[in-house]
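**Student:** The listed protein sequences derive, respectively, from chains A and B.
Sequential numbering from 31 applies to the first sequence in my numbering.
Sequential numbering from 3 applies to the second sequence in my numbering.
The hints are simulated quantities; they were obtained by calculation from the structure and are not laboratory data.
Accuracy of the hints is not assured; some may be wrong.
[What the hints assert, rightly or not] Example chain B residues on the side facing chain A (calculated, C-beta under 8 Å, incomplete):
1. Ser198
2. Leu204
3. His223
4. Ser226
5. Val227
6. His230
7. Ala263
8. Ala267
9. Pro273
10. Arg276
11. Val280
12. Pro281
13. Leu282
[As the list claims (entries may be wrong)] Here are some, though not all, of the chain A residues that point toward chain B, as calculated from beta-carbon distances under 8 Å:
14. Gln222
15. His225
16. His243
17. Met245
18. Ala249
19. Val270
20. Phe273
21. Thr305
Backbone N, C-alpha and C fix where the C-beta goes; we use that ideal spot for every residue, glycine too.
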Amino acid sequence: MALLEIDDLRIGFETEAGLLRAIDGVSIEVEAGQTLGLVGESGCGKSVTASSVLRLVPTPPGRYLGGAIRFDGTDILQLPREQLSKLRGRDIAMIFQDPMTSLNPVFTIERQLGEVLKMRFGLDRAAARARAAEALKSVGIADPERRLDAFPHELSGGMRQRVMIAMALLCEPRLLIADEPTTALDVTVQAQILHLMRALQHKMGSALLFITHDMAVIAEMCDAVVVMYAGRVVERRPVVDIFEAPRHPYTRGLLDSIPRRAQQAKAELPTIEGTVPSLLSPPPGCRFAERCAHRAKLDAAAQRRCRDEDPALQPDGTGWVACHFPLNTAARS
Amino acid sequence: MNSPRTEPGQPLLQVENLQKHYAVRGGLLARTTAVLRAVAGVSFEVMPGQTLGLVGESGCGKSTLGRTLMRLEEPTEGRVLFQGRNLAEAKGDELFALRRQMQMVFQDPYSSLNPRMTVGEIVREPLLVHRIGSKAEQVDRVSSLLQTVGLAPEVMTRYPNEFSGGQRQRIGVARALALDPQLVIADEPVSALDVSVQSQVLNLMLRLQRERGLAYVFISHDLSVVQHMSDRVAIMYLGRIVEMGPVDRIFAAPAHPYTRALMQAIPTPDPRRRRERVPLQGETPSPTALPDGCAFAGRCPYAVDECRRTPPALMPLDAAAAPARQHVVACVRRSELPAFDPLAGG
Chain A
31 MALLEIDDLR IGFETEAGLL RAIDGVSIEV EAGQTLGLVG ESGCGKSVTA SSVLRLVPTP
91 PGRYLGGAIR FDGTDILQLP REQLSKLRGR DIAMIFQDPM TSLNPVFTIE RQLGEVLKMR
151 FGLDRAAARA RAAEALKSVG IADPERRLDA FPHELSGGMR QRVMIAMALL CEPRLLIADE
211 PTTALDVTVQ AQILHLMRAL QHKMGSALLF ITHDMAVIAE MCDAVVVMYA GRVVERRPVV
271 DIFEAPRHPY TRGLLDSIPR RAQQAKAELP TIEGTVPSLL SPPPGCRFAE RCAHRAKLDA
331 AAQRRCRDED PALQPDGTGW VACHFPLNTA ARS
Chain B
3 MNSPRTEPGQ PLLQVENLQK HYAVRGGLLA RTTAVLRAVA GVSFEVMPGQ TLGLVGESGC
63 GKSTLGRTLM RLEEPTEGRV LFQGRNLAEA KGDELFALRR QMQMVFQDPY SSLNPRMTVG
123 EIVREPLLVH RIGSKAEQVD RVSSLLQTVG LAPEVMTRYP NEFSGGQRQR IGVARALALD
183 PQLVIADEPV SALDVSVQSQ VLNLMLRLQR ERGLAYVFIS HDLSVVQHMS DRVAIMYLGR
243 IVEMGPVDRI FAAPAHPYTR ALMQAIPTPD PRRRRERVPL QGETPSPTAL PDGCAFAGRC
303 PYAVDECRRT PPALMPLDAA AAPARQHVVA CVRRSELPAF DPLAGG
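Hey, can you work out the whole structure from these sequences and the hints?
**Tutor:** Dropping the structure here:
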């Protein structure tokens, strides 16, 4: 049994224009100790999926429409409130893109880290302070004693994200969920934070669910990858196979859109034409069909099938793909 | 449109020792407590039809530099020459004419377009301000500009909030092109866009450059995008250019330790080539407390005492190189560093 099993999850948001089905039948498994990347473009539902695990999707306007989220066999969606808060911060911790989402601006760093330690381990103030200082040091913060007395706004963005990581790791979670943790950071600081997350995860053996829009960060961090598009999982594979033999045309398009070293400077970049369909009234067939360059090469009957028939996520040996006519696994051009 | 054109061989834009300082106020009487040197002496040239990529991390001064070039900020020191004319000295009609030649595209397509104006009004506004053409001619021009950037002329009557990020950025580009400029300063034009949409906007900018001979100052934190778009690249750190040269040289043989660290820090989209070590420790120091010597010395693995004493000047790596191939670097140890390894740590 996987540590985390998201099973056919459906979440909608009430909007003036109707019910927006942000995630529409998403199934994801994270094994203990594994790093799973969740990748896709804005609006694909990756952040909603991540937030749903700790039931952080605000209801209303959000609505859980169906499915289950099992952590170690327990369905989180059925859990009473008090048991849920025990799970949060003890077994599952989350890091957000904007650390200020979870740091309280009016409390010192010591107080914020102390809460965790008091709750999780019942430490007294002196012991908690020592432990918190140690945690700051382990995430590469110089002069931790002084930083403990600082307020969040007195720290740089990179340092706040380190505090978040320290806080998340203090509770030694079995699952860490990181939602675009380095997107707001400079590239040299991003490199430091990614390195740190990998080192600490390795030390503690936590599983990591890593959400990002950046395929290069996925390549750097993950064991396996789930690609989402328009509220659905379209492909899932070990990381090397995603990059070297993607079978969903959308995955291929995402990879091709990245400007690469090998390309001729100023050459036309491959694009994915068109835009994501509205999740208020998604098309009946494949949600990527309208933009799919691969579909354009198929015969008329096949094209109709893509348009009319919703492709299921099917196993294909190395992974899973939701496409009626997946790409050949021959090497990428 | 009859506008002055650049002589052959003459740079379109010359920037000489440009500086922009801000007073940092604090305390009871809001006295000036420090000077933030956002741009601390920057010089470069842009040739007609070429792209200069300006790269650096947050706080390096690249956006302030772009805004100062456009005179959205008054420079504290230094000169900006457009077609050889000093923008600070130009007055009246001449200034008006010069300003037409330089336009800007902004990062955030969600906040840079006035939400109360229709797309047609947004694109037409520069024509109104500069009193170009009759109303009918202006509407014709707006329609053809929208087509140029890949939008249907029918969108003229709609409002920005009806469009996606990529479409809004196209509207921003159409507006920038309204006055038929020779230079566009693009400040992080694709940073807010998804990667598949990003490539659409980059392709559009490249096509416009080919068709219209546009020059770009392309400001970005994203090295792969800059590499794809630029002829020459300048790397900024704490208000100064630390390295500048032809795009192929900068990426194949980066000479400044900071440029190298930046390149080593970029994750590679190849899971078989993971970095094992962190390229660079520490974070950029505050631009209010610039050190005496090289601003990068505090983080630099190669720094020696001399680096901390005198600020290094930009020096050519090969003085004999043709002007267009000049590769300059501000590092006293430039000839002693080991060969560059893109996957190594510092």
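**Student:** If a hint holds in the structure, say so; if it does not, say that too.
**Tutor:** Verification of the hints:
Interface restraint check: Ser198/B against chain A, minimum CB-CB distance 4 Å, threshold 8 Å, status holds. For Leu204/B, the suggested interface contact is upheld, since its CB lies about 6 Å from the closest CB of chain A, less than 8 Å. Taking 8 Å as the C-beta contact cut-off toward chain A, the hint placing His223/B at the interface holds, the least distance being around 7 Å. Annotation: interface hint on Ser226/B holds; nearest CB of chain A at approximately 4 Å, less than 8 Å.
The interface hint given for Val227/B is met, as the beta carbon of that residue sits about 6 Å from the closest beta carbon of chain A, less than 8 Å. For His230/B, the shortest C-beta to C-beta distance to chain A is roughly 4 Å, which falls under 8 Å, so the interface hint holds. With 8 Å as the threshold, the beta carbon of Ala263/B comes within range of chain A, its nearest partner Cβ sitting at about 6 Å, so the hint holds. The interface hint given for Ala267/B is met, as the beta carbon of that residue sits about 4 Å from the closest beta carbon of chain A, less than 8 Å.
The beta carbon of Pro273/B is positioned within 8 Å of a beta carbon in chain A (closest approach about 4 Å), and the interface hint is therefore held. Residue-level restraint check for Arg276/B holds (minimum Cβ-Cβ distance to chain A is 6 Å; threshold 8 Å). Satisfaction of the interface hint for Val280/B is found here, the shortest Cβ-Cβ separation to chain A being roughly 5 Å, below the 8 Å cut-off. For Pro281/B, the suggested interface contact is upheld, since its CB lies about 6 Å from the closest CB of chain A, less than 8 Å.
The restraint placing Leu282/B at the interface with chain A holds, with a minimum CB-CB distance near 5 Å, inside the 8 Å limit. Hint status for Gln222/A relative to chain B: holds, with the closest Cβ pair at about 5 Å, below 8 Å. Among the interface hints, the one on His225/A holds; its C-beta lies about 5 Å from the nearest C-beta in chain B, closer than the 8 Å criterion. Against a cut-off of 8 Å between C-beta atoms, the interface hint on His243/A holds, since the closest Cβ of chain B lies about 7 Å away.
Proximity of Met245/A to chain B holds as hinted, the smallest CB-CB distance being about 5 Å (cut-off 8 Å). With 8 Å as the threshold, the beta carbon of Ala249/A comes within range of chain B, its nearest partner Cβ sitting at about 4 Å, so the hint holds. Given hint, Val270/A at the interface with chain B, holds; its Cβ is 5 Å from that chain's nearest Cβ, closer than 8 Å. The restraint placing Phe273/A at the interface with chain B holds, with a minimum CB-CB distance near 6 Å, inside the 8 Å limit.
The interface hint given for Thr305/A is met, as the beta carbon of that residue sits about 5 Å from the closest beta carbon of chain B, less than 8 Å.
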